Amino acid sequence: MDPARQSSTERWREILERSLDCVHCGLCLPTCPTYRETGREISSPRGRIYLLRGVAEGRIPLAAAVAEEAYLCLGCRACETACPSGVRFGSMLELSRAEVEVAQLRSGWARRLEGWALRSLVPHRRRLRLLFDLLAAVQRLRLDRLARPLLPRRLRELHALLPPIPPKRDRRPPPEIVPARGERRGRVGLLTGCIAAEAFGHVNRATLRVLARNGFEVVVPRDQGCCGALHAHGGDPETASELARRNVAAFGRADVEAIVVNSAGCGAAMREANAWIGSEAEAFAAKVRDVSEFLDAAGLQPPGGRFEARVCYDDPCHLVHGQGVAEAPRNLLRQIPGLKLEPHDDPAGCCGAAGIYNLTHREMSNAVLDRKLRALAAADPDVIATGNPGCLMQLRAGAARFKLRARVVHPIELLDAAYGPDA
Amino acid sequence: MSGLIEALASVVGQDGCLSRPEELLVYECDALTLHAAKPTAVVFPRSTDDVVRIVEACRRFGTPFVPRGAGTGLSGGATANEGAVVVECSRMNRILELNAEDRYAVVEPGVVNADLSKAALPSGLFYAPDPSSQLACTIGGNVAENSGGPHTLKYGATTNHVLALELVLPSGAVVQLGSATGWTVGYDWVGAVVGSEGTLGIVTQATLRLEPIPEGVETLLGIFADVVAACRTVSGIIQSGLVPAALEVIDRRTIAAVEASVYAAGLPLDAGAVLIVELDGPAPALPAQVERVRGIAAREGATRVEVARDDAERQRFWRARKGAFGAMGRMAPDLYVHDAVVPRARLPEVIEKVCAIGDRYGLKLSNVFHAGDGNLHPNISFDRRDSDELERVIAAGAEILETCVEAGGVISGEHGIGSEKRDYMGLLFSEADLDAMKRLRTVFDPDGVCNPGKIFPTTRFCVESNPRARGYDRVPLES
Ligand SMILES: Cc1cc2nc3c(=O)[nH]c(=O)nc-3n(C[C@H](O)[C@H](O)[C@H](O)COP(=O)(O)OP(=O)(O)OC[C@H]3O[C@@H](n4cnc5c(N)ncnc54)[C@H](O)[C@@H]3O)c2cc1C
Ligand code: SF4
Ligand code: SF4
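Residue numbers (our numbering), protein chains in the order written: chain U, 5 to 427; chain F, 92 to 570.
FYI, nobody ran anything at the bench for these hints, they're computed from the structure.
Values in this document were obtained by computation on a predicted structure and should not be read as measured data.
You may find that some hints are simply not true.
In silico EDC-like links for lysine to aspartate or glutamate, alpha-carbon gap of 20 Å or less [said to hold, decoys possible]: (1) F:Lys209 x U:Glu18; (2) F:Lys129 x U:Glu61; (3) F:Lys455 x U:Asp25.
If you anchor each label on the Cβ, the simulated ranges turn out as follows [stated by the list, open to error]: (4) U:Asp349 x F:Ala191: 13 to 21 Å; (5) F:Ala191 x U:Trp120: 57 to 65 Å; (6) U:Ile181 x F:Arg476: 53 to 61 Å; (7) U:Asp349 x F:Met528: 42 to 50 Å; (8) F:Ala436 x U:Thr13: 55 to 63 Å; (9) U:Arg378 x F:Phe152: 35 to 43 Å; (10) F:Asp538 x U:Glu61: 50 to 58 Å; (11) F:Arg385 x U:Asp349: 34 to 42 Å; (12) U:Glu367 x F:Ala271: 48 to 56 Å; (13) F:Asn190 x U:Ala67: 46 to 54 Å; (14) U:Glu61 x F:Met528: 49 to 57 Å.
Just so it is clear, CB atoms sit at the ideal spot from N, CA and C, and this is done for glycine as well.
Okay, chain F solo, but in the shape it has when bound (with noise of 0.2 Å):
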């Protein structure tokens, strides 16, 4: 293994190559500590030439690798299966063009998400996907993962945004798919390579389409005395035809985590829930919208209907909203936050029954979640120690997907498959499928060298199985 390390070391220096077993011990997870693989080295390449140098030595030496950006990721997919080399583009983080004419950047990986709309701020323009992880995370990820966030339900996900790339194939191939003009001719590669998870090889630089920033905003915080209801008027204003920027509702108990954090933004502790309305576009037109909305809410039953009188107040309630996850930390150690999506119509129902899930098994199961899309992130608080309670929460998990899926929804929204849904693929997908996605995936990468051991199903009888008596695939934690 020494000989790779060299080699590696060769490429980037010592600085750039971390072995220590202490240093690979702090990469063997993202954001979700469920799922642990130590990698054999981590390399911090500086260029597009440095990572085909590393993608090279990694051949030679027959050892997979793994892209990495911020680790934000919540379904293990950075995480080093197979001894994997972590190829981590943090200091890959230049914005190469800003071109405001044309509203595009190219950006290289590892730029951070927020910090693009930061640049993009001087000239009128934003980068419109917003994961509530966007402080952090970085474009290398959002593209693998085909990220969203809130306002998504407007402005579309990642893979809307994405106009080019570049992408180092796990054969040390540079290759340049789709073009600034946003035009695609012949295949879309890039729709293939956004949400690929980084199993098609490592993102060196993507151009990016910016969006003008709304001439008016207006933030409505609706309170309601249960998530139902505020369910119901995701539905009513989605019905009356209005396209609001961002339809978010949070649960009584992620209030009470949130407001108990340096986000606190003064949310009532007795709401059983509140609905986050965001109307953006010409100023003249919002005035009646904000109307509009106040009469759908106060028609399902909204407590109270508040607009954020600035910009100060608007910021405070998206704070208390993207920093919820982590606000959860507060009532345990670990949060397994899942993902998935169901019709819009079916949320009041479903909610219930996942609420009814957590309920049963007998643990801390909170909701707050992207409404406007149908995105459900069923937050489960718990500690991994306890290794009755980590059962509890992967059968609730399994059992959570089923019900999403039995009402016509998908196993994810925009957190990806990663370790984590593997083997809940098969709850979507027919052998076909996946073998055809398989075959997709063997054109980028024959050997299986690029994250191994994500996405597939890793056994095949599985897929039609359940889940819940087949016995979850778990990582240990030590490895």
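Next up, chain U with everything else stripped away, as it sits in the complex (with noise of 0.2 Å):
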């Protein structure tokens, strides 16, 4: 059922439903970040369970500790790759956030800027252009290294974050249609994402010469747009489920095989859009795939360059948790001459970016993040190589505050590289 149309009643009893699934058997206790850190079993995936159903059965209220720890949840659902039991705990906690809005449980500012900005900046591809020319002007004008000591503590964090914002020629929308190199093998469209769309341009046109290199065509739809996961994450199902009809719409119209997404968060949303707007998004959903897993399944075009590093490869927890995707992006990597591929101690933990986690939640972001990034260091590669933008920028801040020297990169970025300039 549409979350969007559901009442109160019928979301609480889905989540009685779904919390059935659990035999409290606490096997996924140490894989959340959030008992890791706290070791509190009301902020594990089997205590947040245990409450909603409380909830749900009349047993408490739905009263602060609830939705703090609804929103204190990364939504990482590292939990579900750890249940035996099949509880799918990502979408309970969808539900509940959005009954955490209905009952207004979260206020202050914050709360009010973050309900503007994702209804009325993130969805509008101009607002967000417009907003981008400022930043990269700024930072052209190194305005903002002079005003950070006046800043906020919060700004400062959040400025932190931010990438260094490309000139407006490289932020132009790549081509509506991509021709594909040599043999042609098929016909897949692009998503190109929001924000990804302004600060991650490199990151899409990387990943359609990798894509073209491989004998694809490639639609980019230009009247597609944000995906919706935010949205959803934070408890508005209506704005969410408005753009995911957008994007049916527009990936319907042009007619492609695969739906091809280099962002493991939109991803993973997009692969559910089912389960907010029911069937219309069955087709869509089922033709989502992320670029990597796309890839190895199609077969690689061995690339003919090489690439000299010792890489660590990070899973994005809404590809390897979300998507279940673990092996291809390693695979891919390991066809790169010349390329090490490293383990190291925490690929599979969360980095603590969440989509707007470490904004809203800095602390436990920051814990969580630390534990990553011990693992990154000890194992100290030449680059990190992670698919997702916000796990990208996220890693980026904390290598910097870790002094490592790894670069921090997108997995297609690699594989670009390798198959060398265009000739």
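Two independent chains are provided; combine them into the complex using the hints.
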């Protein structure tokens, strides 16, 4: 059932239904980043499920503690990978956050700003572009560095996350159709994203080049937009559904075999779009593939060049836990001549970015990030590769804080480099 | 009560003390949801000193307390009876020393079992007791329950691996029991505390024996048409003089649940049971042992025997075994994991009786167990909201225990008595036995403030009477 159209009663009934999958075994506890940090049952998957069941059964009211936990959870879904009983916590979480919003249990200026940004900024291409024009100008004039000491702490930390904004010409949308090179193997669509389109245009262009090199014609529908993941995770199923509908229509018209996504968070959300808007999204959802999964399944054209580096791959939660894709990106990287894939101790743990979590829950986000950075520091790679814009920003900020020498890039950039410059 | 909470918070800080009703709700039970009791507060000590001061505060206010690890216990051992304060050890999770030369580790109680083996790996060592919950459960809980695991068959249970303990007594005194050398001088205090289910004090440090990682490992998967044939194979292997590291049986219903879960290992869905046999030791000795096991399995009617080709395949077999309990959650909202031990030779016959009991009560009963130890785990899937089904689950459970005791077995192998089986102690022990045990407890905890209401029967007359006729003493879900 479409959560946007569900009544509260229906949502709680669904939460209760889903909570019954949990047998209370506790096997998920150690994989949960917030449990690992706090040691608190209430901040563990099992505890959160018990709590929600308690509310659904009327044993406790929907009180502040429940709202706090609904948002202290990173939504990383590591608990789903660990759960032998098949609990789908991600969707329980979305439902419960929607209810927390209905009950207006979160308040304050930060919450209002978040709501405004998610509804009035993120879904609108032109407004986003204007914002990034402004940010780019500020960065070029180094105004941000000058102003930094004057900023309140929260904004200073936000600033540390911000990647260098590319000049305007590099933020131009890619062509609507990129032809295949060599033998044509098919026609696919590409999601360019909302913020990613502005801040990670180079990743989109690398994706287009690699897909073309592999014989795929790529359609980049002009009327596509934000996937709605941030909204669904933020307790706003209405906007999430609206945005999903827009993309279903845009990619429906594009007539493609697969919808390739290079952002794990978007991919996971799009794969579940039918959970929000029902059967009209079924065909769409079934076509969504992460770029690594798509290329690995299609069979990668061997890269001609070399890329000499020791690389640590780090799993984005919404790829490994949300989409169950762990091996594909590693397989691709192993096929790059010269590249040495190095293991590290905490590849599948959350990095703490979690959408806008690193802005709303700074302290926990940093604690979670530090654990991963300690593991990465011990492995000391030349490059850290991860396939999600939020994780890229978070790991970059963290690597700078830990003074790691590693560059942090999207795996597709390494493939692109290994293919060498376009002939 | 707020005085107590303030006193606790002054020890561990606001962040280390939970007392809101929602926060307390999630601590009302462990992995056995049948028994629930809400604590007054939950505190998170970070040191032995914190524990001492918490105990002293509780004593001052006359409130009992109960230690807790990860809450994966299956006998309602960590539930907070009588409004006890939960002393949650999850933040005491440091490995204090890892001595590769003398092969021991000194750890705090909140260290997760699997993390210890992981830390010991670079030294070529491991911590042998490996409960199926090892990714989550803590050393404190393991010590309290004398936990076992698949490899207990060869390596022994927790009690064979605890060299020394630091214990905060219910008086607040700190005592050191045993020594890292493993030699006992005077009374075997460590032996008394291991398996005491948190009723003698709070363990704040444990010195544990580590084992060298064996040179070679072979893991076999025998496939059988029925559980009885698998059990006969187990008896055959033991009689042959082989000492496998593990002998685990998984029955058909469990296979179906596991194969539907993330722990799917490609077990055959049409098999009546599979038997995991693990052999370890010096590598040159293993091929001959593998052949002997193959021979015995074939003789007892195995339809097929597979040998894990590599480490990945071995891990897959074990993941299936260790995820089995949780996977059962797919069958119904609740799971009652029973635990009893019978002499190995009687396994086939007891298993048949146990299945018949399940059928007679119309319950979904499945079996996955440490066959080599004769340690049964009949699992009953049910829905606690269905009161009629709940009655049948409890009645069937009682009959299963009686059946095991009649066959010369005991009512718990490794999950402990806790709240769950306290009223069945009379099946095994006389009044005099129980009285002696109670007096031992009194030595440590004269006022009965440390984990009250566990292990000992709550009713006196229950001892001789038939538990079915008596009606089970069930703690209501709402407290
Ligand atoms: C899926 C699953 C599989 C399991 N498999 C096995 C298995 O193969 N073998 C096995 O033996 N058990 C098994 N168990 C049961 C359980 O995991 C063990 O009993 C485990 O030792 C409990 O550890 P815990 O940290 O979760 O302790 P808890 O459940 O928190 O507590 C258990 C008991 O220990 C006491 N305790 C905790 N910490 C301390 C301390 N510091 N000092 C004194 N007392 C303390 C508590 O008061 C309580 O009585 C399994 C459970 C599950 C859910
Ligand atoms: S692992 Fe799954 S079944 Fe077990 S407690 Fe966690 S959510 Fe519940
Ligand atoms: S989604 Fe992540 S943070 Fe939330 S309960 Fe699951 S594991 Fe913990």
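Hint-by-hint comparison with the structure:
no. : hint                            : in the structure
1   : F:Lys209 x U:Glu18              : 39 Å, violated
2   : F:Lys129 x U:Glu61              : 17 Å, holds
3   : F:Lys455 x U:Asp25              : 16 Å, holds
4   : U:Asp349 x F:Ala191: 13 to 21 Å : 20 Å, holds
5   : F:Ala191 x U:Trp120: 57 to 65 Å : 58 Å, holds
6   : U:Ile181 x F:Arg476: 53 to 61 Å : 57 Å, holds
7   : U:Asp349 x F:Met528: 42 to 50 Å : 45 Å, holds
8   : F:Ala436 x U:Thr13: 55 to 63 Å  : 57 Å, holds
9   : U:Arg378 x F:Phe152: 35 to 43 Å : 40 Å, holds
10  : F:Asp538 x U:Glu61: 50 to 58 Å  : 36 Å, violated
11  : F:Arg385 x U:Asp349: 34 to 42 Å : 38 Å, holds
12  : U:Glu367 x F:Ala271: 48 to 56 Å : 39 Å, violated
13  : F:Asn190 x U:Ala67: 46 to 54 Å  : 48 Å, holds
14  : U:Glu61 x F:Met528: 49 to 57 Å  : 39 Å, violated
In terms of the numbered hints stated before, the structure departs from hints 1, 10, 12, 14, listed from lowest to highest.
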